[in-house]
Amino acid sequence: MTRIFDIFFSFFGLLFLSPVILLLLIIGLFDTGSPLFCQERVGINQTPFKLLKFRSMNLNTQEIATHLVHVTSITKYGSFLRRSKFDELPQLFNVLIGNMSLVGPRPNLFNQLDLIKERSKRGVYLIRPGITGLAQIQKIDMSTPELLAETDSKMIESLNVSNYFYYIYLTLTGKGFGDRIKISDSSSSTNV
Numbered sequence: 008m009t010r011i012f013d014i015f016f017s018f019f020g021l022l023f024l025s026p027v028i029l030l031l032l033i034i035g036l037f038d039t040g041s042p043l044f045c046q047e048r049v050g051i052n053q054t055p056f057k058l059l060k061f062r063s064m065n066l067n068t069q070e071i072a073t074h075l076v077h078v079t080s081i082t083k084y085g086s087f088l089r090r091s092k093f094d095e096l097p098q099l100f101n102v103l104i105g106n107m108s109l110v111g112p113r114p115n116l117f118n119q120l121d122l123i124k125e126r127s128k129r130g131v132y133l134i135r136p137g138i139t140g141l142a143q144i145q146k147i148d149m150s151t152p153e154l155l156a157e158t159d160s161k162m163i164e165s166l167n168v169s170n171y172f173y174y175i176y177l178t179l180t181g182k183g184f185g186d187r188i189k190i191s192d193s194s195s196s197t198n199v
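Residue numbering for the sequence shown follows the numbering used here, starting at 8 and increasing by one per position.
There could be a bad hint or two in this list.
To be verified - Label pairs and their in silico Cβ distance ranges:
{"hint": "1", "residue 1": "Lys182", "residue 2": "Ser150", "range": "15 to 23 Å"}
{"hint": "2", "residue 1": "Lys182", "residue 2": "Leu21", "range": "21 to 29 Å"}
{"hint": "3", "residue 1": "Ser150", "residue 2": "Pro55", "range": "31 to 39 Å"}
{"hint": "4", "residue 1": "Leu154", "residue 2": "Asn118", "range": "14 to 22 Å"}
{"hint": "5", "residue 1": "Phe15", "residue 2": "Lys83", "range": "28 to 36 Å"}
Stated by the list, open to error - In the DSBU-like style, the derived pairs of lysine-lysine whose C-alpha atoms are separated by at most 30 Å in a straight line are:
{"hint": "6", "residue 1": "Lys146", "residue 2": "Lys182"}
{"hint": "7", "residue 1": "Lys83", "residue 2": "Lys161"}
{"hint": "8", "residue 1": "Lys128", "residue 2": "Lys57"}
{"hint": "9", "residue 1": "Lys57", "residue 2": "Lys182"}
{"hint": "10", "residue 1": "Lys124", "residue 2": "Lys60"}
{"hint": "11", "residue 1": "Lys83", "residue 2": "Lys146"}
{"hint": "12", "residue 1": "Lys124", "residue 2": "Lys57"}
{"hint": "13", "residue 1": "Lys83", "residue 2": "Lys128"}
{"hint": "14", "residue 1": "Lys182", "residue 2": "Lys124"}
{"hint": "15", "residue 1": "Lys182", "residue 2": "Lys161"}
{"hint": "16", "residue 1": "Lys124", "residue 2": "Lys83"}
Hints are computed from structural coordinates only; laboratory data are not their basis.
Each residue gets a CB set at the ideal place from its N, CA and C atoms; glycine is no exception.
Let's have the full structure, built from the sequences with the hints guiding it.
Right, here's the structure in full:
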């Protein structure tokens with residue numbers, strides 16, 4: 008049932024938000040010269056897929072988990088995109104073509120071996136990854152692989168139409184959070 012909602016909302020989201028997406032693309036061209044970011048991620052059944060986002064970091068940023076990236080890698084425009092969650096808008100295309108769902112575990116990189124191990128043990132890869140979910144609402148990110156995998160598993164077990172809309176509602180009203188970004192060489196970090 009949620010796949011029907013995914014198709015409906017992603018199609019009309021892309022349609023109605025196309026002026027905003029076009030504007031963000033143009034601004035992104037002036038920011039980094041390459042407004043879209045495409046990266047291979049782990050999908051359903053651990054199948055690779057290309058995740059789309061608006062670029063929020065400098066072009067030379069290393070491809071590592073977001074919580075390992077230093078805050079200086081984020082451009083000023085990128086900081087706005089991440090705070091507003093506009094950086095996620097291109098993922099509506101991933102949802103439309105079936106690589107992702109609106110609600111599901113956030114897709115990780117293939118080099119996040121600890122997280123892959125924890126998620127595999129709990130059957131997290133049996134469903135499509137998502138833009139938002141229980142972990143994002145609870146501010147749990149990929150810096151804590153075991154806790155994230157446990158939370159993802161809990162979400163999957165209780166995922167129904169009501170929770171699907173509840174997670175989307177909470178995200179749209181500002182409760183969803185992205186991965187933490189390092190703000191110094193110490194262990195301190197911030198959600199961006």
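Which numbered hints does this structure break? 3, 7, 13 and 16
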